[in-house]
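**Q** With the hints as your guide, set chain B onto chain A.
Protein sequence lines correspond, in order, to chains A and B.
For the first sequence, the numbering used here assigns the number 835 to the initial residue and increments by one for each residue that follows.
For the second sequence, the numbering used here assigns the number 244 to the initial residue and increments by one for each residue that follows.
Simulated from the structure, these hints should not be mistaken for lab results.
The model shown is predicted, which means the values in this text are computed figures rather than measured ones.
Any given hint could turn out to be false.
Anything over 10 Å on all C-beta distances counts as not near chain B; from chain A, calculated [as the list claims (entries may be wrong)]: (1) Phe887; (2) Ile912; (3) Ile952.
Derived list of chain A stretches under chain B, where covered just means 3 residues or more per stretch with a C-beta under 8 Å from a C-beta of chain B [as the list claims (entries may be wrong)]: (4) 871 to 884; (5) 892 to 901; (6) 929 to 935; (7) 964 to 972.
By construction, the Cβ of each residue, glycine as well, lies at the ideal position given by its N, Cα and C atoms.
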Amino acid sequence: MTREVTPTQPPAVEVSRISRARMRPTGSRRELFAWYLMRVTGVALFVLALAHFSILHFIWDPAVQTADFIAAERWNQIFWRGFDWLLLMTVLFHGFIGMRTVVMDYVRRPRLREFTLIMLYTLALLLFVIGTQVILTLPMRGA
Amino acid sequence: MSRIPLLFRYRGREGMVAWAFHRISGVGIFAFVVLHVIDIYLVGGNPKLYDEILTFYASIPGRLLEVVLGAALLYHALNGLRIIIIDLWPRMTVHHRFLWWACWVIFIVLGVPGALVILRPVWVPLLQQLGLIS
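Okay, chain A solo, but in the shape it has when bound (with noise of 0.2 Å):
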């Protein structure tokens, strides 16, 4: 079995020789909180995106999904509203940051990794701008 080629930068996480998993970073203050950071909303989606999934799946049929349905009845009440925004919360953060580390991961040519990097936090941002958008100014139908 050869050895991974060393690559030029040392990598800024280490990964465990057993499980594979990254370990707590040490020597940056930035990477220990993105690692932080995709646990906690790691746990916080465990719940939010199941339950979305099971909810959006298994109590209504997505044949009765309709634009019309998400204004009368998924989204008539203030609570699944913020519930949906929460859950876009977690997922943007935690689904960029994901993507910030399989970035770093695989491309290594640093003016390319610096313009990837942008065009993924810009894509992060217009997805909150027109996500939170869509939820605070469907109007109610119930209310």
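**A** Then chain B, alone, in the frame of chain A:
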């Protein structure tokens, strides 16, 4: 050896497979989230177009993709919890292989009934045609 993509290069049993699946499912879910935020945005901006997209989600190919999405989500959730358990409780590293197989047991127990519910429009008409249910 170096020609093999990093994702598939052998680096050790269950831990490596768990990691590869976690990454593949994560990127897949990310792609769906981008699509899903955009389609929900259309509920406010262009409800007619949203309803058209919905007919795909409710179709049989759409449902098959939803089962794949649900499987990716469930695997990523369970394996993510396994990672957090090992991180917070390093002694569990000894049992990481047991935890990995426990993930798969829960995956099958929750996932198979879930897939059957989503795929009702596939197997209900089939059983009706065979005369097994009315």
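**Q** Could you run down the list of hints and mark each one as holding or not?
**A** Hint check:
1. Phe887: violated (6 Å)
2. Ile912: Consistent with the label, isoleucine 912 of chain A stays out of reach of chain B, its closest Cβ about 17 Å off (over 10 Å).
3. Ile952: Given a closest Cβ separation of 17 Å, the condition holds.
4. 871 to 884: holds (count 7)
5. 892 to 901: holds (count 7)
6. 929 to 935: It holds: at least three residues are needed, and the stretch 929 to 935 of chain A offers 3 whose Cβ sits within less than 8 Å of chain B.
7. 964 to 972: holds (count 6)
Consistency note: the structure conflicts with earlier hint 1 alone.
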